[in-house]
Structures are given as structure tokens and as C-alpha cells.
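Undergrad: Chain by chain, the residues:
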Amino acid sequence: MSVFTNCLLVALASLALSPADRQAPDASDVVVSYRVAPSFTLHEPIVAFVAIENRGRSVARVDLGENWTGNFAVTSTAPLPATSHEEGAGGLYVLGVLDLAPGQRYEQPLLLNDWFQFERLGDYEIGVRINGMASAAQSSQGNPLRFRVLPRNEQVLQATCARLAADITTQLNVSRQNRAARQLAAVNDLIGIRYIRETLSATNHVDNILLDALVRMGGPEAKRTVEALTSASDEERAAMARDALRRGWR
Amino acid sequence: MYFRSFQMRIGRIGWAVAVGILLYGVLGSSPRAQVTPPSAPSNLGGPLEQGEQRLYGVLGPLGSWPSVDIMLNNNSPADMPITPVGYVNGRELVGQSVVLQPAETRWLSVRALFPENPRERSQLDGLELRYFGYLLDLRTQMVVRRTADSGSVDVLFNGPGEYRSGTLNAVWVTAAGGRAVISLANRSEETIVATVRGRGRTEDVRIRPYGTATVFRPGTPGQVVADAVTVTSAAPVGVLRVGGYLEAGSRAFGLIRAFDPGMARQAHLTASNVRIARADVQLAVYNPTNSPVFAQPEARPATREGGAPITLPGVVVPPHQAVRIDTQSLRELPLERASIRVVNSGPIGSLVGYVAAIDRASLLAYELPLREGGAMRVSTGNYPWRLDGDYSSLASIVNVGAVPATFSAVLTYEGGIYQVRPETLVPGATATFDIADMRMRGIPGVNGSVLPQEATKGQFKWSITGPIGEARLNGRMEIVSRRTGHSSSYSCGQCCPDSYSYGFLQPVPVATSTGSTTGFAVMNQMRTCSGSTGTQTYAYANSWWVGNSSVTAVSTRGLGTADADGLSEGSSAVSGAWTGYEYVPYYEDCQERTVDGGGNGQVDVQCAVPANFQQIGGGIDSGGGTLAFTYTWGSSTGDVAALGACDVGEIVTYNPSDVPFPSPFPSINVSNPTTLNVSGADGYFVDRHTTPGTFRTPYASRSIVATQSYRYRCPCANGGNWVPLAGPMSITRSVAPVGGGRWAFTITKSGSSATINPLP
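Chains as they are written, first to last, in this note's numbering: chain A, 9 to 258; chain B, 6 to 765.
Extracted from the complex, chain A is given alone in its bound form (with noise of 0.2 angstroms):
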């Protein structure tokens, strides 16, 4: 059966099943490991690594959820703004989940500005798991993660925001394209909507991310740089960017 094949069955079976039936893989057989960077700037992405070992000697499935997050937990020691999301009416989305061999190791990026808001200085305790997963097997290494946010310096934000838009508009792979787009937008920072309008200007394969990033930003740069993009040629551009401003400066 081809791994196409596993994934459909797994998306048709996601339908009918609420979470907390689906399977939970054999805690003893699967190390989870978390790393983050000891220090971020002030509005640098806050990007934790989690790293998924299967250890035992027979095939694990482990479900990461919708997108790869959805079956994420993030938790802070100390109360924390949570992220707003703006709810749509739906949208696409792809299963997390993941069959991994004997001896096969995994390891994916955690943005974790998708659940909280970093906007103190000073350090951070944040506890991570995977739902679903016994708790065994997850706080084998680096969790809770724990980094400090430093004090904002422009140097480090730009080489970060050119590294990110460099990946936007040079990488072929689109999923890498849309993971340096969400880094990108999580930079609230007058230096981010600088990067965000270059990249803009070179591509406009991650708009939708961008203009959202744009529109939770707000602000008089963030509208400008909108505005700019509401006389484009591209007819569908130029409605998105309308609609944004709609959403965000009516």
C-alpha cells in the first residue's frame, strides 16, 4: 500500500473519529526531544525544534494533527498573551501524521508564535506535548523549553527577516517558501513590514500570509505598504489587498 494510499485512508478516517480516539503510539518505543535557541531578540520568530525518535523495533505512528501542529499543546509556566487567530469559514488542510520506521528520527520547526505573543523581555518557560501521546515519551529531553528574550537589536532582526525573505524567494519547495512566510509574519516589527513589502514586491506566492501578518499588524507602514498593492495588475492581488484593507483599516 503506497504511502499515498496510508494518508487518504488516515484523512478519511480523521473525518469520522474525534481525537480522542484516534490511536496512540507506544510511549515506550518513541522519544520525543525539544531544542530551542537559548536567546531571541525582541520580535525575532521564537522557532523551537521538535525532534521524534522511534526507538522500538516495529513501525510507530505518531499524529501530529492538522497541518502538522493541530495535536500540538503549547503551555507557559508564566501567563502569557495568547495569539489571535482570525476565524475563516474553513480551509484546507493537510494530516500530521507520521509512520516512523525502526531507528527513523523526525524532526520539524515550531513556530511558537502561533500560541503565544513574546512581547516581554526576560525568559520564557514553555512546556510542550503532543496530544494523544502518553507522557512518557515526551519529556525525555528539552521540555520545558526554556529561552530569553533580549533586549530588540535591529542587526539581528534584519539578518533574520533577510534570511526569511531570501528562503521566500529563492526556494523552489513550497512548503519551505510558506514556512519562512509564517516566520516572516511573526516579526512585529516595523523592520519585519520592511521585509515583507521587499518580498511582496518579488513574489507574490505567500500574499495571503503576508497581508494577513499586514492586517494583525495594523499601523500607518503596514497600510501603506497594503495600499501599494491595491493598483496591482494582478486583478486577484489587487483584490486581496482591497480586502485587507477592508479587514484591517475600514
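Worth flagging that the hints you see were computed from the coordinates, not collected in a lab.
Note that the Cβ used here is the ideal one computed from N, Cα and C, for glycine as well.
The reader is advised that the hints may include incorrect statements.
What the hints assert, rightly or not - List of simulated lysine to aspartate or glutamate pairs, DMTMM-like, C-alpha gap at most 25 angstroms:
hint: 1; chain 1: B; residue 1: K754; chain 2: A; residue 2: E127
hint: 2; chain 1: A; residue 1: K231; chain 2: A; residue 2: E206
hint: 3; chain 1: B; residue 1: K462; chain 2: B; residue 2: E419
hint: 4; chain 1: B; residue 1: K462; chain 2: B; residue 2: E109
hint: 5; chain 1: B; residue 1: K462; chain 2: B; residue 2: D84
hint: 6; chain 1: B; residue 1: K754; chain 2: A; residue 2: E95
hint: 7; chain 1: B; residue 1: K754; chain 2: A; residue 2: E94
hint: 8; chain 1: A; residue 1: K231; chain 2: A; residue 2: E162
hint: 9; chain 1: A; residue 1: K231; chain 2: A; residue 2: E127
hint: 10; chain 1: A; residue 1: K231; chain 2: B; residue 2: E109
hint: 11; chain 1: B; residue 1: K754; chain 2: A; residue 2: E244
As the list claims (entries may be wrong) - With the C-beta cut set under 10 angstroms, the calculated list includes, among others, these residues of chain A facing chain B:
hint: 12; residue: E94
hint: 13; residue: E95
hint: 14; residue: G96
hint: 15; residue: L106
hint: 16; residue: D107
hint: 17; residue: N181
hint: 18; residue: V182
hint: 19; residue: R184
hint: 20; residue: Q185
hint: 21; residue: N216
hint: 22; residue: D220
hint: 23; residue: M225
hint: 24; residue: P228
hint: 25; residue: D251
Knowing the structure of chain A, use the given hints to seat chain B on it.
TA: For chain B alone, kept in the frame of chain A given last:
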């Protein structure tokens, strides 16, 4: 790790050596010294030269063998005429020439070589094969039998260039009440005297020109014993030859191998792939020197993993004595086969060994070489294989060094070549190749080809791959037919490891898609030192040249592999450069040289786009007024993973007056248009239509109709602009009365719907 554990054992056995030396002092010693230092370079040293080659095998007492079969294996790239010359008590008998095709292996009865001498051919005591070429171009061996159920004996051939001294040492195990038959041969026109020493006795044996003489070594009634001889001669090096076999009752079996101490390159002895299950392993060592030697045998599972060594009882081998090693513990191991190594405390050439496995049910004897593996050329092989009748052929290669070693092998058969995938073995590990099993299961070789079912014989050639350094391998082929009573072990090496011939990329062209990365193989085609087709090995490309860098970018992924990125539609020539290794005979061994290697190829980049976009089943009401659909697609190139550069997604537009959603719907401020995408490489998505939030009262009949289309966008198609896949289709959300003062919400698309009935 293996080397370190050996060092530790040497430390442990140090006291035992001291005990042995003390024992030796008590028992007394002999002034004889049988280890002869290597002589001047022979025709194995320096560049090989072609010439008339004469290989000789000693058959033993006249008329011993009703059945004599010979295996001829041509390792040269050219036809090879061979002239057989039989010897009967010193008299020459020229037989009928045979011509071997390149890479041909042929088994035939010696009778067929002497069709016009029916009386003399049954009296042969030796056989010489003459051909023109290099020394090791012809690999040959005889198997002799009395009857099908009385055992078989291997007879080896040697050329004069394979000797460095006038001394030959041999060791064996004699069955209870059995005997050893030692045949001495003189390969000169002068009568020579051979001195045979063993068990404290010395015997001088005169051998007439081109004649043979026989020495019988009786065993002990009721006891299995180890025995050994040292045979010396003042004749020029290479004139004296020694062979032999064992007898027990009516059975003749085994092979007594004579080792020239001048050829030894390291002290330790190894034997690969010894049968353990259902067999009695006979293991003996002989110390031909004047000092005691401590021998520590060990066995490892003959598997690709190797595993920890299983230590057998160590023994102190007194000077000029043979000692049988207790192998009882091997019977208790849950192993089919093991590779055996005897490490020892003596100098190079101070120990020679014997190992055989006797099948307890059939009494079939599997004799194999227990030898040292020091020279680079020992890390090669060229063996015959055959699968006709009930023959089986089992090749094995063991890492006898202290570091990982990589090898590659090639099987020739009539009309073709099968290239075995290169492998790396850790120290102590053994790779086995059951040729019948490989053929039956159609195991693909390095280029995907399989061994044809009709292939029944050919060559198994293997070689260590460079850079070699301290890595060492050893191998052999075991050929068995229970029906004919034939059991042979072939362990001929080649004159040097295979050398770089040319490099190539595989496949050509490399087909990839825009946005995709496709791996391909980076290979060396090797040639044997005889010039015939050798193995194929992996190469590590140091640099790449790309003809059209807008089409593809190429990078090395690892040993033997590289990646081609598809950048835009088109074709580009590519070329890799790497280091190759060449081996040339150099005195007693080979010399490694580096050469510029490289290979050319082409990368074809196709534009891959999503195809066969379809809805799977109907929409599903997953509760709470949510309607979900699953869609899948494939790729125009057949490879969905090639769609990594493509977006597949949706665009949903609403009537501007419906945004935000009006009452009684929840006030949802959707993007208008809403565009969402996933990677084309995902091959599917689930599209979920929701209406989150609280429906607003008072309820009233109202509908919102959104228009949805599915589409894709690939950089290589339609100028990178969107291409429709499905739609437009309507998504209708309605609130309507359902009677009894109740209201319901319904969402409908493509004939499927989900409801909240009644609304709270």
C-alpha cells in the same frame, strides 16, 4: 575495536606465552629454524610480464583416482589456449589443447584432455597446464574422487613464481585409524632430495626428474590427531611441490595445503564461513619455528553484522609440533556458520593452520584454507561458480582487518555480467552470497539487473576498494554437490585489487522535475589486474560541472550518490570529477596510486504539474454544521513528490454584501477572496467548510452563496500563473424554518450537506 580487543587478549595471554617458553625450556629444543626470510623479488614483483606460464598440480600415487575433473577459469580479457601436459612417473604426456573464451569457466574430465592415451591418463601422478599470458590469468583446480560416496579431494595448481623459499610447511588432522598421503613432486630435470621432518623423525626422499614420491603418515587407532611436516629441499626455489589428502577407511577427502613461510605477510590466520551447524570442526595449528607460540582461536558469526568474538581455548604450540584445538564449544553455538581467526604471539610465518568441517550425517568434508591475509592482493578473489545439477555455490568475504573495509563483486555468466552492490564490512563481519538464492529471488544488482534463471556457471570476482590503507578482506567459494560427492573450496586471489578503469553516472539521463531533487549514482567501472571487466564501485565526486546552470544544479550527497535539482524545463550536460585508485604489482604485494576519475551524464528536467484532481467520496457531515471533503491528485510525471514547487489550493469569493456574514449567521469576517494553498507534493487535502460562532437571533430565512474554485500554480507551467483544476462550485449556507417554530442551518456543496438542526 577488534584490534583493541586483540591487544587486550595478547596482554592476557602473555603469561601463557611465558609458560609455553618455560615448557619449551624443560622439554628441550631443536636447533632447526624453518622460517626463511623472503627472497629476492620474483615475477610477481614489479610490472607483470606476459610469457609462457606453467601451473602444476600434484595428483599423488599413480593410478589413485578413477575420476579426475578439472576446473578452468579464464580471468584474461582474451581467448586462452591451454595445453595440458600429464606426467606418469616422470614421463611427459602432451594432451589436447583447450581454448577458453574470456571470462569462461569450464569443468571437464581430465580424460577429455587425453583422448588418445586411455591407459596412461589413468596413471597420471601430476598435471601441468601451459598457456601464454600473465601468471594469474588462469585459475584452475582439480577435484578427484574414487566413487561418488567415498569423498572428494581438491588438488591445487601452482606456478614457480608462487614460491619464495625451499621450505614448505603443512598441517592437518588425521581421523582415528586413518592416514595422510603426502605427495612430493619435482619440477626440474634433475633428481632432487626432499627432507621430510615431523613428529621428531627426518626422512630424505629422492624424487626423479618431473616425478613424484609419496610419504604416508599413519594416524593413531582410536584417536583423532593433529600431524604436520616441514619439507625442505636444496633445489632451486619452486622446484619442490607438495600436495596431499587424507584417508579414513574407504574415504579420501580433505586437502593438505603446503605453505611457503617466505610468502607469509602477517602472523594471524583466518578462515571464512566455516560450517558449524551439524558439523564437527577440525582445527589444528603447526609451529615450524624453534620457539613456542601461543595461539588463541576465536570465532565470529559469519554474518554481515559480525558480532563479538567467541573465544576458543588457547594453546601453547611447542616448536615443531602440531596441536589440535578443542572446538567442542562451537557445537553449542546457535550458528550456521562462523568465521575463524587464530591470533598468535609468534612472528610472521610462525604458525600454519588447518580447518575442516565434517558433516556429521553425510561425512562430507568441507576443507578450507586457514591462512594469513596480510597482502593487499589477498583482499581479492576470482572463483568459479556452478548451479547445474544439484550443485550449490556459496561465496563468502570476511573482514580480517582492524578497520572497516569496502568491497565489490561481479558475477560473470554466459552472455552477461551481474554487478553486486558494493558493501562495507566492519571488522570480523562476513558477507555471504548464495548464488542459487540470488538467482531464484532475482536480487537486483547495482544497476538493477538480475542474474538470469538460465545462468548456471561463471566467475565470481571480487575486490577490496580503495583507498585500502590497513583494510583487509579474505574470501572463498564453497561448491558442493551431494549427489556426486564433490565438495571444493576455491580461494584464488587476483594479482592486485581492481583498478579504476572509467567513471560513469547512472542513469543517463537523470530525469527530474522542476522543483524536485533526484538522486543518481556516481560509479567507477573497475578492471581486474588481468585487464578483464572488474567490479563497479561507488565514487565520491569532489566537484561538478553543469552545462546549463539554469536547468539544473548538481551536488554530491555522499559516497556513490549525487543530487540533481530541477530548476527549469530543459536538458543539461553534467560532469563529475573524483579520485580513482589504481593498483599495480609491486614486489611481494601491490602499490596503490591515485588517478583522476570522473564521469559524464545528462540531466533532463520535466515540468511536473498536478493531474487527475478528484474528490474522494462525498462530503461528510462531521458535526456542528461542518462539511468536509477530501481531494486528491497525482502528477503528470507520475511522481507526486515532484510537485514540491507547486501550490494546489482554492479561491473562494463572496458577495461583498455578505462579508462580514449577515445575521442570523455568526459575524465572520472572512477574507474575500479567501485563498489557501498546500504543497503539490502533499497529493491531497481535506477541505473543511465551517461556520464558527453564535448564530444571531431573531432567526430569519437567509442564504449566503460563495463561489469556490480549485487550482494549481507551478513555476514551470502557464508562466507560473494559476491553472484551474475544478469549479466554480457553490457553497451555500442557509438558515430556514423547519417547523414547530424551529430553525435549522444547512451548508451544501456538490450535493452533500451538513446541518445544525435545530439551531439553539
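Undergrad: With reference to the structure, classify each hint as holding or not holding.
TA: Do the hints match the structure? See the list:
For the hint pairing K754/B with E127/A, the CA-to-CA distance comes to about 43 angstroms; that exceeds 25 angstroms, so the pair is violated. Under the criterion of a C-alpha separation no larger than 25 angstroms, the hint pairing K231/A with E206/A is consistent with the structure, at around 15 angstroms. With a C-alpha separation of about 8 angstroms, the suggested pairing of K462/B with E419/B holds against the 25 angstroms cut-off. Taken as a hint, the K462/B and E109/B pair is honoured in the structure, with Cα atoms around 9 angstroms apart against an allowance of 25 angstroms.
Distance check on the hinted pair: K462/B and D84/B sit about 18 angstroms apart at the alpha-carbon level, within 25 angstroms; holds. Taking the CA atoms of K754/B and E95/A, the gap is near 21 angstroms; set against the 25 angstroms cutoff, the hint holds. For the suggested pair K754/B and E94/A, the alpha carbons sit about 24 angstroms apart, so the restraint of at most 25 angstroms is met. Among the hinted pairs, K231/A with E162/A is consistent with the structure: their alpha-carbon atoms are about 22 angstroms apart, no more than 25 angstroms.
Our distance criterion of 25 angstroms between C-alpha atoms is met by K231/A and E127/A, whose separation comes to about 22 angstroms. Between K231/A and E109/B the CA atoms are separated by roughly 82 angstroms; this puts the pair beyond 25 angstroms, and the hint is violated. Using a Cα cut-off of 25 angstroms, the hinted pair K754/B and E244/A holds, with the two alpha carbons roughly 24 angstroms apart. Look at E94/A: its Cβ gets to within about 7 angstroms of chain B, closer than 10 angstroms, so that hint holds up.
With 10 angstroms as the threshold, the beta carbon of E95/A comes within range of chain B, its nearest partner Cβ sitting at about 5 angstroms, so the hint holds. With 10 angstroms as the threshold, the beta carbon of G96/A comes within range of chain B, its nearest partner Cβ sitting at about 5 angstroms, so the hint holds. The closest approach between the C-beta of L106/A and any C-beta of chain B is roughly 14 angstroms, which is over the 10 angstroms cut-off, so the hint fails. The closest approach between the C-beta of D107/A and any C-beta of chain B is roughly 15 angstroms, which is over the 10 angstroms cut-off, so the hint fails.
Taking 10 angstroms as the C-beta cut-off, the interface hint given for N181/A holds, the closest approach to chain B being about 5 angstroms. With a cut of 10 angstroms, the hint placing V182/A at the interface with chain B holds, because the nearest CB-to-CB distance is about 4 angstroms. At about 9 angstroms, the closest approach between the beta carbon of R184/A and any beta carbon in chain B falls short of 10 angstroms, and the interface hint on this residue holds. The beta carbon of Q185/A comes within 9 angstroms of a beta carbon in chain B, closer than 10 angstroms, and the hint placing it at the interface holds.
Nearest Cβ of chain B to the Cβ of N216/A: about 5 angstroms, under the 10 angstroms cut. The hint holds. Checking D220/A against chain B: minimum C-beta separation of about 7 angstroms stays under 10 angstroms; hint holds. The restraint placing M225/A at the interface with chain B is violated, with a minimum CB-CB distance near 16 angstroms, outside the 10 angstroms limit. Given the 10 angstroms rule on beta carbons, the hint for P228/A is violated: about 22 angstroms separates it from the nearest Cβ of chain B.
The interface hint given for D251/A holds, since its Cβ lies 5 angstroms from the closest Cβ of chain B, which is under the 10 angstroms cut-off.
Checked against the numbered hints listed earlier, the structure breaks hints 1, 10, 15, 16, 23, 24; every other hint is satisfied.
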